[in-house]
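Chemist: Now for the letters of each chain:
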Amino acid sequence: MTASASFLHMRGRVLEAIAANPAVGPSSPEMRARMLDPAGDCSLEELGFDSLALMEFCIFFETEYGIAVTSGEIEGRPSINALARWLADTAA
Amino acid sequence: MSRLADQLMACRTAAELYRLLIKVECDDVPAEIAAALRADYPLPADVRSWLGKMRTMMFSQADAVQPYWRRRISANVALYSTREAQEPRDLLIAFCGLSDRLQAPLPVILQHIDGARFDVLVLRDPTKRIYLRGVPGYGDDAALVAESIRRDMDLRRYRSVRAFGTSGGGWVAFTVGALLGAERAISLSGMPPTATFRLSQAWGALGYSLDEQEADFAVFERIFNAIPDRSTPLLAIYGGAFEQDRLGAEGFEKLVGATGIGFEGVDSHNLLARIMRRNLLRSFFDRYFLGDLDRIVPPPGQRMVPMECLEEPLQPVPTP
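For the protein sequence lines, the chains are A and B, in the order given. Residue numbers for the first sequence follow the working numbering, beginning at 1462 and rising by one. Residue numbers for the second sequence follow the working numbering, beginning at 38 and rising by one.
Extracted from the complex, chain A is given alone in its bound form:
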């Protein structure tokens, strides 16, 4: 898989993890469009992430994809694209 394809693959998984969490998500159509567009980006804070949402995200990733991530690692990559890029690099 190319770096770009790997990034898009992980971005899709990040979006799935966000969609699975009822407490976070876009709060306007503009934010939703930005979130879905790989050329755009969205910070986890503006999506409403708090400590609990971060932990839910980690559980989802480990149980659904077998990828163990910690909330501390996510906090260091606080946007959808930064997180997807880091996950793609880690998996390479």
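No wet-lab data here; the hints were simulated from the structure. Among these hints, one or two may not hold up.
Derived lysine to aspartate or glutamate pairs resembling DMTMM-like cross-links, with alpha carbons at most 20 Å apart [to be verified]: (1) B:Lys90 with B:Asp77; (2) B:Lys90 with A:Glu1523; (3) B:Lys90 with A:Asp1550; (4) B:Lys60 with A:Glu1523; (5) B:Lys90 with A:Glu1534.
Chain B: place on chain A using the hints.
Modeler: Showing chain B alone in chain A's frame:
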């Protein structure tokens, strides 16, 4: 010794650990966190970091630990009270939002509410149906939830009742508060279910889990408007620069005459997190749970208040 630290040490996977921490954030009392902070265990770095954040959120003002204990009333209802409770006491009825907590970890919230004065009844709807079908196992709609509270809590022994709900719990706090003749009811970052429905149609999913064809989004207006005495003051508090919650507060103003109070410049649904960052949580609760309405409600025609208002000392209303 710390029961929580023992449990944390026993976790085998990250997912197991996080499930436990989520349960603690949604359910536990401040004393459990304080004991884990004192325990000298070789906890994983992630847990130490989590405990450090809890310490910052809970004990930055060097207060004594609020000695709440928990009594389970039913699967989704728990009463938090202190063993050395003074009489008479006040009852705070709190409805959690979609994440099953009050916009912040419950031990943090409890640490900032005076346990010498309040019993705190915490209710949640883990089905993510924003209470449109009540509290599972406790009452199938808001009116039945109020009846169950009346049955279980012996309200006559309380000096006052106040209701509080965050996000999806806001409307039900208004309804149950009014049904029980509460001293006041507060919605934090909430909106009427009909507004939630309209927004979800226009903006996309808002997180709740409902069959929109079958759900009764008008249940709030229906139950609220049938209450004979609707004198409970209703405060709809929200982040002033967060469009979704501004619309929610306006909906409450129009439907049930609530007073909207927007915090200037706060562009987030999670208003309490912003207040917590400024170390003003105790002041927020004192002001809006106990403060004189004439002093905490903006003048007619205004709705915005600056965050700095929480830095001003405010005398609580004299108790009746």
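Chemist: Are any of the numbered hints broken by this structure? If so, which, sorted upward?
Modeler: The structure breaks hints 2 and 3; every other hint is satisfied.
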